[in-house]
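Chains as they are written, first to last, in my numbering: chain A, 1 to 73; chain B, 1001 to 1269; chain C, 2001 to 2412.
Treat the hints loosely; a few may be bogus.
Said to hold, decoys possible - Lysine-lysine pairs mimicking BS3-like chemistry, simulated, CA-CA at most 25 Å apart:
(1) K72(A) to K2111(C)
(2) K1013(B) to K2100(C)
(3) K23(A) to K10(A)
(4) K2065(C) to K1007(B)
(5) K1096(B) to K2065(C)
(6) K1174(B) to K1097(B)
(7) K2065(C) to K1159(B)
(8) K2247(C) to K1077(B)
(9) K18(A) to K2299(C)
(10) K2299(C) to K2(A)
(11) K72(A) to K2(A)
(12) K2(A) to K61(A)
(13) K1118(B) to K2100(C)
(14) K18(A) to K61(A)
(15) K1113(B) to K2100(C)
(16) K2317(C) to K2(A)
Keep in mind the hints are simulated off the structure, nothing from the lab.
Take a look at the letters that make up each chain.
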Amino acid sequence: MKRYDLRHLKDEFEPRMKEILDKHPAGEVAIFLFEIGDFTSVQRSADLVKECGLELANSLKFNEADWTIVVKK
Amino acid sequence: MRAYKPKDDVQKKSYYTDRYWVAPQVPTSKVEDDAVFAADLAAIKEKFEVLDAYIQVGQMVVYINAKDNYGVLEVLKETQGYTQLSELSAIDWVAKKGEFEIFYQMLSMSKRKRLRIKCFIKQDEAIESVNTLFRSADWSEREMFDMFGVKVNNHPYMKRILMPDDWEGHPLLKTYPLQGDEFAAWYEVDRIYGKEARAIVGPEIRDSARVDRYDTERFSRLGYEVPMGAEPKAKDAEETPLAYQEEGGVFMIDKFEDDKAVIIEDRKR
Amino acid sequence: MQQPNRLRPFFENITFDREDNEMIINFGPQHPSAHGQLRLILHMQQEQITKAHPDIGYLHRGMEKMAENMIYNEFMPTTDRMDYIASSSNNYGFALAVEKLIDLHVPRRAKVIRMMLLEINRLMSHLFWLATTALDIGAMTIFLFAFREREYLMDIIEDYCGARLTHAAIRIGGVPLDIPDNFIPDLKDFLDKLPQNIKDYEDLLDTNRIWLMRMENVGVISEEMALSWGCSGPMLRASNTPWDIRKEEPYELYDEVEFEVPYSDKCDNYARYKIYMQEMRESAKILYQTIDMYEETVKNNETELMAHAPQYISAPKLELMTQNYSLMQHFVLVTQGMRPPVGEVYVATESPKGELGFYINSQGGPYPYRLKLRAPSFWHTGILTDLLPGHYIPDVVSIIGTTNIVFGEVDR
Chain A
1 MKRYDLRHLK DEFEPRMKEI LDKHPAGEVA IFLFEIGDFT SVQRSADLVK
51 ECGLELANSL KFNEADWTIV VKK
Chain B
1001 MRAYKPKDDV QKKSYYTDRY WVAPQVPTSK VEDDAVFAAD LAAIKEKFEV
1051 LDAYIQVGQM VVYINAKDNY GVLEVLKETQ GYTQLSELSA IDWVAKKGEF
1101 EIFYQMLSMS KRKRLRIKCF IKQDEAIESV NTLFRSADWS EREMFDMFGV
1151 KVNNHPYMKR ILMPDDWEGH PLLKTYPLQG DEFAAWYEVD RIYGKEARAI
1201 VGPEIRDSAR VDRYDTERFS RLGYEVPMGA EPKAKDAEET PLAYQEEGGV
1251 FMIDKFEDDK AVIIEDRKR
Chain C
2001 MQQPNRLRPF FENITFDRED NEMIINFGPQ HPSAHGQLRL ILHMQQEQIT
2051 KAHPDIGYLH RGMEKMAENM IYNEFMPTTD RMDYIASSSN NYGFALAVEK
2101 LIDLHVPRRA KVIRMMLLEI NRLMSHLFWL ATTALDIGAM TIFLFAFRER
2151 EYLMDIIEDY CGARLTHAAI RIGGVPLDIP DNFIPDLKDF LDKLPQNIKD
2201 YEDLLDTNRI WLMRMENVGV ISEEMALSWG CSGPMLRASN TPWDIRKEEP
2251 YELYDEVEFE VPYSDKCDNY ARYKIYMQEM RESAKILYQT IDMYEETVKN
2301 NETELMAHAP QYISAPKLEL MTQNYSLMQH FVLVTQGMRP PVGEVYVATE
2351 SPKGELGFYI NSQGGPYPYR LKLRAPSFWH TGILTDLLPG HYIPDVVSII
2401 GTTNIVFGEV DR
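Excised from the complex, chain A in its bound form (with noise of 0.2 Å):
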């Protein structure tokens, strides 16, 4: 289980997760935390994860400024 904080990165933060989510072992449990902006950023993520080929476990609102996935191998 491995938490990654992406929310400095403000909106660009797909291609660190595309980074992260390639080169993520199988079997391991993968949590991001990035910030919502104008909510596209949750459909995004959601469409990259199942682009990557991996399991949404589960998707979160964090608080007033941020948003977590939980992604699973």
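Guided by the hints, dock chains B and C onto chain A, whose structure is given.
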């Protein structure tokens, strides 16, 4: 009417316990299952009365009478090869039974076994010292006396070990509050300045992060610094900003230049 | 003539006109080589000590009292402050005691990570011991070398658990975090350089005349005295008893790892010094093997870090973030704390100083009814009463050095 608080056990208790919850027991097994322990128990049983004995989590626990603790430890040390007394301390059952439970944790290196001798003494009873058998009991018994008030007979230097010698009260008792009683709160003031200085010095400030903005002897406000002990600045006084050394401000505080900084990737060993 | 008053009492300990001119000095609580707050009252005839009385309690924080008012997980950071030089070994001792009490099976990867942490802590503690003892006797270069080595180890630990001194890196039931990616490369290249460094220290110290004069047959602890005073660890192994809990009562994975237990029958400071140096090499050997074990767990994909016991340990992060029931249970475990069964346990582990024991007597509540901390340095300080008479003042410094006492765990 004020709520009644039990005074015999003032340690923290869980704020909720399920009404029908029964706490499970750690499994214990009979002593006969283990040959080595059985032999040790037989050796003890020859000379002394054994109230109860079982094996718990791989170690034998033997309950004996308090008066023959010296004899049992001597038997174990001389004949059974328990060459080290790892630990010796007490447990406070005064609230429930008015007794202390004393345990001796023994270790046998040849047999790679550990066992615990336990005995109960009344609250004001004394127990025999075993420091002639094991010198490590010397300090353990002093700590037990210091923490519980369990008196030990013919001990070479029976004085408190951790608390100051003139301390009243035994901290590890269940009746002793965690934050300390009135004697503990005023101990230093009494010893240094005397009882009558309590009002002058005032109680101990336990909150280490406490800041009093009008106390210019211990605190100072950034931007509104005044000499120590002087009157703090008025509310609308203008602020003296923290100027860098380059702008003629405070000596030695200069700007951090990013380009001069070097990030060391791997320290050259 | 001093005006004695309450703030400046006048000690009548330096009187030259008395017939036996015995001098009482305080090897006071504030002393550069006292390894903490040790007030050693020495009755001396000229330079020779006739009676020594260590007075401890200056760093007493009442840990056993705090334990009775804290739930089990809450007490873990307090165990850091016991032996603050190697805090993960205290965490581990406490965690193992509670796990034995509730009979928990820890997953393999967590065990391997724990072994790594323990051995890294042993190395850190031994390097710290070498630095301070050498500095007390005057070898300044050794002090700087050993601290430089220790710095790299602290960086490795900081990468893992974020703290350099008080790690709190081990939970009851396993390990909270997986090791970061740069952990194993850094550890490997540290271990490759370690034997050469140890050889340098030994070349500097082994045949150094001052070192030999200060260390050889000074502080001789006979085997009977060591056993009677409850010594353990290098103090005991220097007195002809090869007792190492990792080898005799193997816990964790110490039975799957090959290492030797150095011991000697010289019983003096020099023997203890050689044992510490040899133990550093053994720890390095163990660490190499744990790195291979870790790679093996990665290969066959055993990824759990915490034990699976719903009523004692909260569920892993994935279940917590997805299942509602495990979140409810997590809430109860965090607020009220887990309730172990009624019973008691004494578990001893081999900390860098000696046998570190935890005696837990639980009566079914979330707070332990009694928690006794068996700290090895407590009796290593006690032995000074019988050991010091007959020695000289410089010997006191080197004896205190090799007993490797740390006052966080003496006074608890």
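Here is what the structure says about each hint:
no. : hint                 : result
1   : K72(A) to K2111(C)   : 23 Å, holds
2   : K1013(B) to K2100(C) : 23 Å, holds
3   : K23(A) to K10(A)     : 22 Å, holds
4   : K2065(C) to K1007(B) : 17 Å, holds
5   : K1096(B) to K2065(C) : 19 Å, holds
6   : K1174(B) to K1097(B) : 13 Å, holds
7   : K2065(C) to K1159(B) : 20 Å, holds
8   : K2247(C) to K1077(B) : 23 Å, holds
9   : K18(A) to K2299(C)   : 24 Å, holds
10  : K2299(C) to K2(A)    : 18 Å, holds
11  : K72(A) to K2(A)      : 11 Å, holds
12  : K2(A) to K61(A)      : 19 Å, holds
13  : K1118(B) to K2100(C) : 20 Å, holds
14  : K18(A) to K61(A)     : 21 Å, holds
15  : K1113(B) to K2100(C) : 16 Å, holds
16  : K2317(C) to K2(A)    : 10 Å, holds
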